[in-house]
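Colleague: Since chain A is already given, all that's left is putting chain B on it; use the hints.
Which chain is which? The protein sequence lines are A and B, in order. Sequential numbering from 1 applies to the first sequence in UniProt numbering. Sequential numbering from 1 applies to the second sequence in UniProt numbering.
These are computed hints drawn from the structure, not numbers from a lab. Some clues are possibly wrong.
List time: in silico DSS-like cross-link candidates among lysine-lysine, alpha-carbon distance up to 25 Å [what the hints assert, rightly or not]:
id	chain 1	residue 1	chain 2	residue 2
1	A	Lys114	A	Lys211
2	B	Lys51	A	Lys211
3	A	Lys45	A	Lys114
4	A	Lys114	B	Lys146
Derived Cβ-Cβ restraints for the label pairs, each shown as a range [what the hints assert, rightly or not]:
id	chain 1	residue 1	chain 2	residue 2	range
5	A	Pro47	B	Gly119	52 to 60 Å
6	A	Ala55	B	Ala123	42 to 50 Å
7	B	Leu87	A	Ala196	26 to 34 Å
8	A	Val29	B	Ala58	28 to 36 Å
9	A	Leu36	B	Gln207	53 to 61 Å
Glycine included, every Cβ here is placed at the ideal spot set by N, Cα and C.
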Amino acid sequence: MNEIALSAIIRNLLEGAAWTLGLSLTAFVLGGIAGLILLFARIAKNPLPRRLAQAYIEVFQGTPLLMQLFIIFFGGSLIGLEVSPWIAAALGLTLFTSAYLGEIWRGCVESVPKGQWEASASLALTHVEQMRHVILPQALRIAIAPTVGFSVQVVKGTAVTSIIGFVELTKTGSMLANATFQPFLVFGLVALGYFALCYPLSAYSRVLERKIHGSRAH
Amino acid sequence: MSYQFDFVAVFDYSSVLLAGTAHTLLLTTVGAVAGLGIGILGAVSRAWQIKPFDRIFAVYVELIRNTPFLIQLFFIYFGLPSLGFRLDEWQAAILAVIINLGAYTTEIVRAGIEATPRGQIEAAESLAMTRPQIFRHVVLPPALAKVWPAICSQMVIVMLGTSVCSQIAAEELTFAANFIQSRNFRAFETYFIVTVIYFVLAVAVRQLLTQAGLRLLGRRAR
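Pulled out of the complex, with its shape left as it was, chain A reads as follows:
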């Protein structure tokens, strides 16, 4: 009888959860940097970077994350790069995250009232100065709540990387379910793990949203 104790299951799942957390943080930080570049391309005066950024966003929002991961995983080996599941997962999630964050942040910049642009232009500020001193500080305030809200999607997105063999919480769960023949318990615990990671973020984003709406009412 190959009985695996509950404590061993939980210890393994916690280890998997650490990888999920690590991957989420990596994708969120790198995706945030790439998303910022996309944002500037998307609101540039020149139409070429605008179109390119828009196409990038449409492609990544219009195809499954799983397919993006497969293409990176198998495409990399075609051009002679040995792509490990970790690299493919981090790169795929970073690209996915950047597309969504770029689009969310563009919405925030565009929701800054037109009058702010006009007022700063009438003070003879250059485009860069307008951005730096007037538009971005206000857009940032609006952006915090939806950005925290989106981080939940990043954490949940990491589950898909288990399919290309990256051993995080979901993959650990699958392996444990096969080893213990207790899928109900194991996947229940896995779900609980994701909930513990995601719920605080969801709740915090709601609090932030309420705060912004509250201060706007005055």
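Modeller: Using the frame of chain A, we list chain B on its own:
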């Protein structure tokens, strides 16, 4: 030696691709219709605080929105049989899609319902309309129209998300891709073409839903 791309090798299996596409669309359609139904029920329970359903839906929404779809699918397909609740891969996939989309549409539609001006409900009450009548004729159509773009986006996201149903061997489009690349050993070409198919589907589904919204809900559903 450089790699020779061979995209034609994928189209030798075009009937497999076609069947997979049809199954993905079917899964999405059933999920979308039933999910929207659950969403409307959940939204009205939450917005009008119909006890005890408002609490039940609140817990349901939080549980589903804070866990990955893949885990919901695994839980239903692998976990539920130990409670004596055995589903085949299609039943599990459809159930998972419905449950997942239902949670998101509950939140989306609720926002629409809560944006109904009080005066409209009072006006309807003064016409002696019953509560179900008010909901059916006064509250729901403009609420749906207001949030229709968000509903369309969510349905597209769910359609793309069904690609993980291949993991429980539901033979949808991604399963077809896995099958084809295991036969022709052209993994990159196969996944590339299937990704293009998904992209076309996403654009088409969004167009179709937007048009349907305009038809059924009027000009406000933009």
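Colleague: Now, for every hint given, state plainly whether the structure supports it.
Modeller: Hints, verified against the model:
1. A:Lys114 - A:Lys211: 23 Å, holds
2. B:Lys51 - A:Lys211: Distance ~28 Å between Lys51 (chain B) and Lys211 (chain A) Cα, so the pair is violated.
3. A:Lys45 - A:Lys114: 16 Å, holds
4. A:Lys114 - B:Lys146: Distance ~24 Å between Lys114 (chain A) and Lys146 (chain B) Cα, so the pair holds.
5. A:Pro47 - B:Gly119: 52 to 60 Å: At 45 Å between Cβs, range violated.
6. A:Ala55 - B:Ala123: 42 to 50 Å: 47 Å, holds
7. B:Leu87 - A:Ala196: 26 to 34 Å: 27 Å, holds
8. A:Val29 - B:Ala58: 28 to 36 Å: With a Cβ separation near 32 Å, Val29 (chain A) and Ala58 (chain B) satisfy 28 to 36 Å, so the hint holds.
9. A:Leu36 - B:Gln207: 53 to 61 Å: 31 Å, violated
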